[in-house]
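> Input sequences plus hints: build the corresponding full structure.
Listed here are the chains, written in short residue letters.
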Amino acid sequence: MRPQDALPVDLPDPVREALLAPLVDHHCHGVRRDDLTRARFEILITEAGTPAPPGTTHFDTPAGAAVRRWCAPVLDLDPHVPPAVYLTRRSELGPAEVNRRLLRAAGIMAFLVDTGLNGPDLLSAAEMGRLGGAAADEIIRIEQIEQGVAETAASAASYITALGEALAGRAGRAAGFTSAIAYRHGLDFDPARPARGSVIAAAARRLAHPGGRLTDPVLLRHLLWAAVDVARERGLPLQFHTGYGDPGLDLHRADPALMTGFVRALQPMGVPVILLRCYPFHRQAAYLANVFPHVYVDVGLVLTHTAAGSAAVMGELLELVPFHKQLFGSDGYGVAETCHLGALYYRRSLARALAVRLADDEWSVPDAARVAHMIGSGNARRVYRL
Amino acid sequence: MRPQDALPVDLPDPVREALLAPLVDHHCHGVRRDDLTRARFEILITEAGTPAPPGTTHFDTPAGAAVRRWCAPVLDLDPHVPPAVYLTRRSELGPAEVNRRLLRAAGIMAFLVDTGLNGPDLLSAAEMGRLGGAAADEIIRIEQIEQGVAETAASAASYITALGEALAGRAGRAAGFTSAIAYRHGLDFDPARPARGSVIAAAARRLAHPGGRLTDPVLLRHLLWAAVDVARERGLPLQFHTGYGDPGLDLHRADPALMTGFVRALQPMGVPVILLRCYPFHRQAAYLANVFPHVYVDVGLVLTHTAAGSAAVMGELLELVPFHKQLFGSDGYGVAETCHLGALYYRRSLARALAVRLADDEWSVPDAARVAHMIGSGNARRVYRL
Amino acid sequence: MRPQDALPVDLPDPVREALLAPLVDHHCHGVRRDDLTRARFEILITEAGTPAPPGTTHFDTPAGAAVRRWCAPVLDLDPHVPPAVYLTRRSELGPAEVNRRLLRAAGIMAFLVDTGLNGPDLLSAAEMGRLGGAAADEIIRIEQIEQGVAETAASAASYITALGEALAGRAGRAAGFTSAIAYRHGLDFDPARPARGSVIAAAARRLAHPGGRLTDPVLLRHLLWAAVDVARERGLPLQFHTGYGDPGLDLHRADPALMTGFVRALQPMGVPVILLRCYPFHRQAAYLANVFPHVYVDVGLVLTHTAAGSAAVMGELLELVPFHKQLFGSDGYGVAETCHLGALYYRRSLARALAVRLADDEWSVPDAARVAHMIGSGNARRVYRL
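Protein chains in written order, with the UniProt record's numbering: chain A, 1 to 386; chain B, 1 to 386; chain C, 1 to 386.
Please keep in mind that the hints were generated in silico from the structure rather than gathered at the bench.
Worth double-checking, as some hints may not be accurate.
[Claimed, not checked] Each pair of labels, with its calculated beta carbon distance range:
1. Asp246/C / Glu165/A: 31 to 41 Å
2. Asp360/B / Ala208/A: 28 to 38 Å
3. Asp13/B / Leu44/A: 32 to 42 Å
4. Ala156/A / Asp360/B: 28 to 38 Å
[Unchecked claim] Covered stretches of chain B, as calculated for chain C (at least 3 residues, CB under 8 Å):
5. 45-54
6. 65-73
7. 239-253
8. 301-315
Glycine included, C-beta positions come from ideal geometry on N, C-alpha and C.
Here's what the structure looks like:
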């Protein structure tokens, strides 16, 4: 399955070529290096984190149907094969070959890999690049940095110092930072930088139980502002998970519009704020990108999970987002199918949107091609200084 | 007008047959047994509860246009006849014949009737079944049970006991419970089970004015948890009205995502939570169904009221909802037109969505047919153990 | 470029004629009378209020592409000319001719001009009418009235009296009031009329700094209720900016559903409440118009800014809005392009929605034509008593 075989519409050559050009995947994760049981595979094609109810399967989802339709041919199977056939073939080829095929066929020139979830089971950024025939850089998850600092700091004061140093240290080898505050607190956090006194007090509490997951609002805000300081100095963007995610978040508190005060506070600093996923608040995200000069958006993983319905999501994002503010990110994780489908549905949904604009006599062919290049790689190159 | 005449697109035979197969309507109400004036009829085709402003008519709505288009032929009239002609013919045939024709032509095999609004003017569940040529079961509205208990309990302690007994008693003959807490409080209620002391105190206040509508947050939560206890024991699902409804609710407090904490608390108990209507938060509802194993959704009444625009709503629900998590419910009430149009727009909008997926080479024909069967009746049979 | 050349679909003659009939633009602003630099022009085709980031341009937005596509031919240029060519031609023709051409070609019979932002650089309502070949009336921005009163009142008591008098005085020559409370506070304001004592106290504080922008919640509510009193007496509607706007607002606090309590309080008074823009909460707005007899909506400016994507927005508004409750407003401001595109995308997006309803065999041709007339001018004539 070559990318061009998956475009759902005829398009003029320049537009088609722009869509098929290699992409910069500005936010993804590593995929598993091991052979997977069906139970494990099913968990990795859903955000649910639990098995499907008795008598049902996670293959009976838009994403599950998409795996059978689009990934099967990459493994030399017919489209729509039953899950068992797909998984048997997957084991037969082995994880290295499956990952190589699916990543390579995604047509990606560079992966920016969020390594915050990484363990020995997941491919590193460098391995992702090697298997995918692409360059690779790292995105640093700031909550992971904090975890390391909390587990080693001797005092509240040294926690603060060490956190700043750790962020600065990792920044040197990173393309950007990413924050999961949507999961740890919600995006309705107080936008102000917390006072040092309250940070010291909270850090002292934190150090009494350093192994726990950071959820203290003062420390989460301190962490964010510490990352802002480093990002500002190094010219790095700051990504935020927003909207759609696992059941650990409260969706209504993951609306990126709730961050408007924080976005406003960052405006004079020129630190790019990049909103990931966003669904079903992607119109709110596009609005923020429309009115704030430093806000960028993607709908990453959402295209993979809405699959056959992804064209409507892409269409809604395009309603307001400036052409120089949208990015491509697969947000793939765990199985290479998610990276592959992220790229595939990005191309399919954007192809549909461009075809509509051309058929409606709204955009010119050169403009459509130019916009596809900007979103697919140009904007990411500029924002991440690749 | 047979259902098959109302499909808006050509579909392969298996998909067409699956769409036309009899449906399980898992949430509807009784319809009026008497002849209706125009004023009364107009009120029953809107959620407004008030006459249209001077010089206007509730027929000038998407639902009103749909009555003239789709119900007129069932009464042997031409499509699009003026409202006065429609209502004259309606009176001429008489309510029994009108109800029989419209319910029968809806192609429904079983009605689960929420009898919480019932008075002598509305058909009972059994009558709905008889006229519609279908089986019929009852859904119990828990706020109605509470009303009866409040009016007869002698003390706060006996209120608590009697409520548990009344719920258990009604559960024996019911297919499920339904809650209207979205109207009484909003879905942003405290998810914790209230302490017995606070329930006793609130019950004492309640018994001082037992005739009133229950709006006390502690008692509403107690009622919910009492219903959960019974539902868990009997294996019954718990339905929630969410989103779109009459002007008595505050729409922004009817977002089902606001219930995430409660949904999370119910997860280990295995009580199915069924989100009704949901609009315009149906994407939030689909998300909850996607990530929580015990959450189910429909967009019931919303398809009737969005009518010519219903395909977009169905399309958005299908973006994330697992195929085994969506249900059909007409949410019809008061006039049989609402049941008829609920089934009709369910079939029309799903037909459109399936046709798009087939045309886009996304789903196979057998998969499309299988999904139509699951949503139309299979899922309801499993969840309600019919 | 005549309006009829910009319809994207073939339509039966009566529907086509209804769409092309002159519109009542029930909410717009004045446009600049002077020649504009590129920097100034770019700012006026976005809500951002700031220049596009280095290396980018506000022309790379849906609205910017629309200017090049649809306004260029009105200035005798080819569609899609580069921004520099467009702006050179604009200067060559001069602002008076550009304004005359773009406004005239919009096909508008009456402008209701919100003069609250007016300075000497903007055309007055009368000038807008003259250049556009249309009637013109004024909409009074109540926060502007308050500013004048605050700057001249001698005491808190006289502030209250003068405010009532100023509103009543301006009402005599106005078609309606408009409120920007979404920008000054958010729509989550307390719906109750504030007590006189608290108004006096707040007014005293206000008079100590009369030059500032009114943001005091008590005075904003007092102003609103004072406007309601006058509106009720004179039969004037009250417009509210909701949803999409400049970066000064918090989008999640601009959801019109947050105003439900206030809407409910106004219901017995019969003062029409008109919700402007609404995006991305236009479904919430349509819901309010569906269930409250005195609520009206438009998506004004949003059609201009979503441009090639506007059909989806119009489609979603039409899902629930009664045909007698929707209005057309360009919300144009600053450059005549925004008025022109507002009318153009209103016609294009409604044409698309009507074509779908006809092709789907949902509406009759006479109904489609009638609805187009109602939304385009009939509803505004009734509500504003033009």
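> State the violated hints by number, sorted upward, taking the hints as numbered earlier in the document.
Of the numbered hints given earlier, those the structure breaks are 2, 4, listed in rising order.
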